[in-house]
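In order, the protein sequence lines correspond to chains A and B.
In terms of numbering that gives the first Met the number 0, the first sequence has 55 at position 56, counting the first letter as 1, and numbering is strictly consecutive.
In terms of numbering that gives the first Met the number 0, the second sequence has 257 at position 258, counting the first letter as 1, and numbering is strictly consecutive.
In case anyone wonders, no lab produced these hints; they're calculated from the structure.
Among the clues, some could well be false.
A pair holds if it fits inside one copy or across any two, identical chains being indistinguishable in the list.
Stated by the list, open to error - Calculated pairs, DSBU-like style, for lysine-lysine (alpha carbon to alpha carbon, straight line, at most 30 Å):
#1 K164 to K399
#2 K90 to K240
#3 K68 to K29
#4 K18 to K291
#5 K51 to K291
#6 K286 to K51
#7 K164 to K68
There are 2 protein chains.
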Amino acid sequence: MAVGNVAVPEIIYAIDGIKLSATAAGVRYKDRDDLVVIEIADSAATAVVTTKSAFCAAPVRVLREHFAKTSPRYLITNTGNANAGTGADGKRRAEDICAALASRAEVDSNSVLPFSTGVIGEPLNSDAIIAGLDTALANLDADNWLAAANGILTTDTIPKVASQKVTLDGTSYHITGISKGSGMIRPNMATMLGYVATDANIAADLLQEMLAAVNEQSFNRITVDGDTSTNDCCVLIATGKVSSQVIDSPEHPHYQPLFIALTEVFVRLAQLIVRDGEGATKFMTVKVTGGKTSQECCDVAYAVAHSPLVKTAFFASDANWGRILAAVGYAGIEDLDTEQVSVSLNEVMICQNGTVASDYTEAAGNEVMSRPEITIHIDLARGTASDTVYTCDLSYEYVKINADYRS
Amino acid sequence: MAVGNVAVPEIIYAIDGIKLSATAAGVRYKDRDDLVVIEIADSAATAVVTTKSAFCAAPVRVLREHFAKTSPRYLITNTGNANAGTGADGKRRAEDICAALASRAEVDSNSVLPFSTGVIGEPLNSDAIIAGLDTALANLDADNWLAAANGILTTDTIPKVASQKVTLDGTSYHITGISKGSGMIRPNMATMLGYVATDANIAADLLQEMLAAVNEQSFNRITVDGDTSTNDCCVLIATGKVSSQVIDSPEHPHYQPLFIALTEVFVRLAQLIVRDGEGATKFMTVKVTGGKTSQECCDVAYAVAHSPLVKTAFFASDANWGRILAAVGYAGIEDLDTEQVSVSLNEVMICQNGTVASDYTEAAGNEVMSRPEITIHIDLARGTASDTVYTCDLSYEYVKINADYRS
C-alpha cells in the first residue's frame, strides 16, 4: 500500500506538442499495457539523464548514442524486461525496435530513444514490441498521460503523475510528468523512468542544466533499498508550443518561476516513487541541517535512510533513536562533535547534545512514530549546509515482494 | 537459526595468564549471564581496536583513554545496555564501574577496560554491575571461555568460540577467542566484541600490528545489515606464559605460523557472527578477483553483500543474477568494462562477458542457490587484486527481529 497522498492530480494538463499511447504488447505478461510510446513535436528541446551504473542496460547505451546525434522525436518504453545484462544481442534488439518505429513514423532511427524496465538478464521479446508498434502509433493522443503512467509500471501499485500550470505575464505554461519505480530505487543521476514535459520554449542547453539541477533535488534524493538500477532514465521535454520567445538564460524573467514549478513536479514524482516503495508503510523525509558541506549532510541522510535497523524500527513504530544516532555515527564525518548533534521526529525533539532530550518521553516518541509521514530532522550544528533525502521503511512485505518476484 | 557449521570446538584451550567469569547481574534481564570479567596476567601484552563510529559509546571512549595510559589487567563487559548516546552521565558510569573493579582487585583504574553491548540510549544500570563484581571476581577461572562466550551474547543464538594449538620447534602455543554479534554488523576496524588470547610472548607493538592486520581480513570483512555499531571492540592478548623468548618482529621464525593461526581464529570468529546473523538462512562468501586494487574489489564485494535485492534473492533461493550485476554496476568503478565481468555461484558459472553464460541453466542456478553456503565469485578481469567479504541473506525473520526487539 502506497503511503499518504498519492492521488493522481484532478487536472492533468495536456502538453501541446506531446502525444502518448499505451499498448498491451505481451512482452512478459498478457493483457496489461507494457508498451508506451511518446511522440515529441519537431520544435521541442529535450534533456536526458541516465543511470551512472557501470552495468547500464542495452537501451541506455543505445539511448546515449542516439541522443548524442540528434534531438529525439519518439520515446519507446517497454516494461516486463529491462534488457540489461544482455550483451551485444540486447543492444541489437534495442536498435531493431528503434529502427522499426522510425520506419513506421518516417523519422531518423537516431531520433528514437528506447527505455526498458523489468527483469534483468533475460532476452527481450523485441518481436512482440515491434508487432505492437502499429497499434501504439495509431493510438497516440495528447490526453493519454494517465494511460502512459499506468503503462510504465512494474511492481508499482499506483500510477505516478504530477501536473502544474504557471501563468507568467499573461502566458500560461503547463508542466506534466510521469514516473515509475518502487524497488531497486537509489537513483544515481536519474530515476527508473521519469518523463516530464512542458510547453515552455526553453533552449536545449539550458534545459539540460535545469534537468540536472532539479533531478539533483528530486530523483537523486530518494532511496527505497539503496539499489541503483541498471536502467534509470529521466527525460525533460520543452515543446516550445506556448511561445516563440525562447527562455535561454537564468536571467530570463520566467526562468526562476518555471524552475520552481519544475522542481515541485520533479519532487512530487520522486516522492511518489518512495510512497509506493516496495512494502512501504511509512514515508520518511530525512532532513540534515547544520553541516559544513551539503555532501556531508547528504552522506548522513543516506546513512540513516539506508540503515535496515532504522527502517525496521520505523516499520515497527518504535522510537528507537539509538539506531538513528548509530547511523549518523558511521556516516563518515570523522571530526563530528556528537555532543552537538540533535535529532527530532516531526515536532518531537528526541535527542539533544548527543543524548536523550531532557523533556523527551517514550509516549511522545511512540505517538509520532505511529504516523505514516515522519520527518527525521538531524542537526549537526557545525555549519550552514543542509540536504534532504526521502525514503520509506523496511517491512515484511519488502522481503516478500523481493523473495517472490523475479524482478 | 545459525547457518552451517557453528559448533563450539571440541577442545577449548585454556590460555595460561587468562581467567574469566560470567555472572547474572540483572543489567536488563533476570537470570541470564550479562556480566563477563576477563583477568589478564601482569606479564601480558594487549592490543585493541575499536569502532570508527563518530557516535562511539561511552565505554569505548573510556577504554581508549585507559588503554593509552597503561596495559590492561581486566576487561569488564556487560550486555543488555550499550551505554551509547548517553553523554557525560554514561561516561561517568563506565568510569565508576572501572573504579569499583579496580579497588576490589587492587589495580590501577586505568588498567580496567569497559565494554558494553545492548540497547542504545538508555542509562546503564551501573549499580547492578557494581553489585555483581564480588561474585564475578570470585568466579574467575581459566576454563570459563565457553561461559564467557555465552555471557556476552545479545540477539545471538549461539556462543562463538575458536581455539587452536600450534606447535613450533617443540613449543606449543595456544590461541582461544570468543566473539558476539548478529545485528548492527558491519564492523569498521573491529567487531561488536571479540576477545582473543594466546600464551605466546609477543611484543606489544608487534601485537597491535598483528591485530590490525588479522582484523582487516576477518571482522572488517563481514556484514549482516551494513549498520556499523557504536560499540565495536576487539582485543588480542598475548600473555607470554609459554616462553620467555619474545617474538618482536615479523622475521622471527614463529611469527608467520602464529600469524596464520591467528588469522584462522579471527576469520572463524568473524564468520560465526555472519552465520548467526539476524534471521540468516544462508552464509555467503563474496569473493571478488581481477581488480586493479583491493579497494575496488572490496567496494564491489560490499555493494553485493549490502544489496537488499541480492540478499532477498538468496533468501528465496532465486538465482536472480541480474541483481548481482546491478550491484556490481553501482559499486563505483567508473571505467569498468562490464563485457569482461564473470560471476559464478560455487561451481556454477552464471555470467560470462557481462551476460548469461552460454551453458548456464536455471535448473543449475536454482540448485546451487538452494544450498546453505554459497560463494559468489565475481571476476572483474582488469587486474590481479582480490578481496573477500562474508555476509548472509535478508529474511522475514530479520525484519521480525528488528521490528520487535528494542536493540
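Hints versus structure:
no., hint, verdict
1, K164 to K399, "neither (40 Å within a copy, 45 Å between copies)"
2, K90 to K240, "neither (34 Å within a copy, 67 Å between copies)"
3, K68 to K29, "neither (35 Å within a copy, 72 Å between copies)"
4, K18 to K291, "neither (46 Å within a copy, 48 Å between copies)"
5, K51 to K291, "both (26 Å within a copy, 20 Å between copies)"
6, K286 to K51, "both (24 Å within a copy, 24 Å between copies)"
7, K164 to K68, "neither (32 Å within a copy, 68 Å between copies)"
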